[in-house]
Amino acid sequence: NKFAKPSFEHWLGTDHLGRDLLSRVLFGGQVSLLVGLVATAVALTIGIVYGSIAGYGGSRTDDTMMRIVDTLYAIPFLVLVILLKVVISGVMDKLSARAINDWKWDADFVGRFANIVPLFFAIGALGWLTLARITRAQVRDIRRREFVEAAVSLGLSKTRILFRHIVPNTLGTAIVYTTLTMPSFIMFEATLSYLGLGIEAPNASWGILIKEGANYMETQLHLLLVPAIFFSVTLFALNFLGDGLRDALDPKASKD
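Per my numbering, the sequence shown runs over residues 827 to 1082.
Just so you know, these hints were derived from the structure itself, not from any lab. Just to be clear, a hint being listed does not mean it is correct.
[Claimed, not checked] Derived DSBU-like pairs: lysine-lysine, alpha-carbon spacing no greater than 35 Å straight-line: (1) LYS1037 / LYS920; (2) LYS828 / LYS984; (3) LYS920 / LYS930; (4) LYS831 / LYS984.
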């Protein structure tokens, strides 16, 4: 029953294909939040490792690595994400065929998984650039402190000093930054899905639901408003969470 009004059976009504809108919004929220979480985790890992190596390495290593970052910054983010998504999708198609034919995995599950994963890693693999700069600056400051000089005098290897003594001291700022960045990743996924470049059917995300709702906004406005409200409230909540973590982990910022 398409475009059904809200009822006890369908609390928010149904869409143009008769699907329960509340179920679609909740499922779409899972996908959108998962995009934010996975992309944030990927960006956090790459940014910390890359920035730490650049900050603790010699001047030549630092200059080379940061020039790479500057070059990537010069290329539009949307173009890079689309190109990387195409590359990852090609790899996932081969793995999916092997999983279905050789490992006998469920074709529907593999298809949905292969549809979502490339976007996760494409956004995260290119969202680390600013974090790498922040981490590099912190590492260059921390490496001059007394406890690092003491570790050097004890003869510890550079790798152990970097990942045992320096990197842990950069995690607070990195986590706060990535928490504040997560809403932008979710927003970017929604934008791509709205443009038809992100999550594809039969999967759903808030971006897809907003796109579908926009097609019927003149007669069925709630199809647009419901996912848009869920999307907006989630972004506000994540931003408030990031502000709270920043105040808790950065005393200087809270005093300012």
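Here is how each hint holds up against the structure:
1. Restraint check for LYS1037 and LYS920: satisfied, since their Cα atoms lie roughly 30 Å apart, inside the 35 Å limit.
2. Between the alpha carbons of LYS828 and LYS984 the distance comes to roughly 64 Å, so the proposed pair goes past 35 Å and is violated.
3. With a C-alpha separation of about 14 Å, the suggested pairing of LYS920 with LYS930 holds against the 35 Å cut-off.
4. For the given pair, LYS831 sits about 65 Å from LYS984 by alpha-carbon distance, which is inconsistent with the 35 Å threshold.
Going through the hint list in order, the structure does not satisfy hints 2, 4.
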